[in-house]
Amino acid sequence: MAGVQALPELAAVPWRQPTDARWLRRWGRIWHAWTLLYTVPFIAAAVGMMWLEPLAAPVALAALAHAWIIPELYAFRGASVVRPKTRGETPGEPVAQGLLADLLGHDARELQRRTGLALERGGLGVWLVGQGGALLVTPGGRRVHCFCVAATDHELPPSDRVAHLLLALRVDEEGFATVANHAFAGAPWRVRRRLPQPMRPALEAARRAAQ
Amino acid sequence: MDRTGHTTLAEWTAEDDAAFADAVREFGDQQALGYIGTVPDGPGKATHVRELPRDADMVILRRPIAGG
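Chains as they are written, first to last, in numbering that gives the first Met the number 0: chain Y, 0 to 210; chain C, 0 to 67.
Hint data in this document are derived by calculation from the structure and do not stem from the laboratory. Keep in mind that a hint or two might mislead.
Where chain C lies over chain Y, by a calculated footprint (3+ residues, C-beta under 8 Å) [said to hold, decoys possible]:
(1) 70-81
(2) 161-170
Partial selection, computed: residues in chain Y whose CB lies under 10 Å from chain C [claimed, not checked]:
(3) Gln4
(4) Val94
(5) Glu119
(6) Leu123
(7) Gly132
(8) Cys147
(9) Pro156
Remember, predicted model here, so these are calculated numbers, not experimental data. We put the CB at the ideal spot given by N, CA and C, even for glycine.
Turn these sequences into a full structure, and let the hints guide you.
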């Protein structure tokens, strides 16, 4: 078979560095440092204000609220990559669901039916593939990277969207991560809180698989 | 894979030259429309193909992906 193991879509992003394990570790650390950078000053300001002038409590509370809200917004952005892009039944969905089921093993098929996310083990970690993005739980299960990526035909049935991403991921995992836009990296509990309730068991399963 | 879920475009066997030639023509037409040939190789593996492999059990044509 005249097969190739690089995604043809990589030609559209020649400027990007390959997203390998080293790249993921570096970006994980950058996101961690960035989170500290925008929370610690607000917390320090709140403590300082309360120490200097207890009457400044409302302003200190506002500073603490910022320290809580900003990381939540980033985590929300990360979790949003796998939120369902279409609601309700689309005409081709039953057929598409059948094809996707054929691509998945028994356990992954059941998990995908319940949560909408397809679990796929890869060299970089454990992936959860949704309709318009994917989560990658790194080995050890302590960090999640969120990638925004989708098939270019936006009228595909939901399961076909998942199948497109799954096939591309299986062809070239690093190429898949390189083509995708990196949206967020952080602790799994931060992403889990912002996932729709039915999707949360998938993240738990991916964490267990990554440990 | 398309908006109907999926459509069977061609079927062939390794021994049937005429059917394979039709399938190759269809494969080329779909590539011209921007579809990408992918052969599922079992659990967790797939291969991108630029030419229709005669011996493949199934070739799936998918749309390109892009960062959102």
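List in ascending order the numbers of the hints, as given earlier, that are violated by the structure. 1, 6
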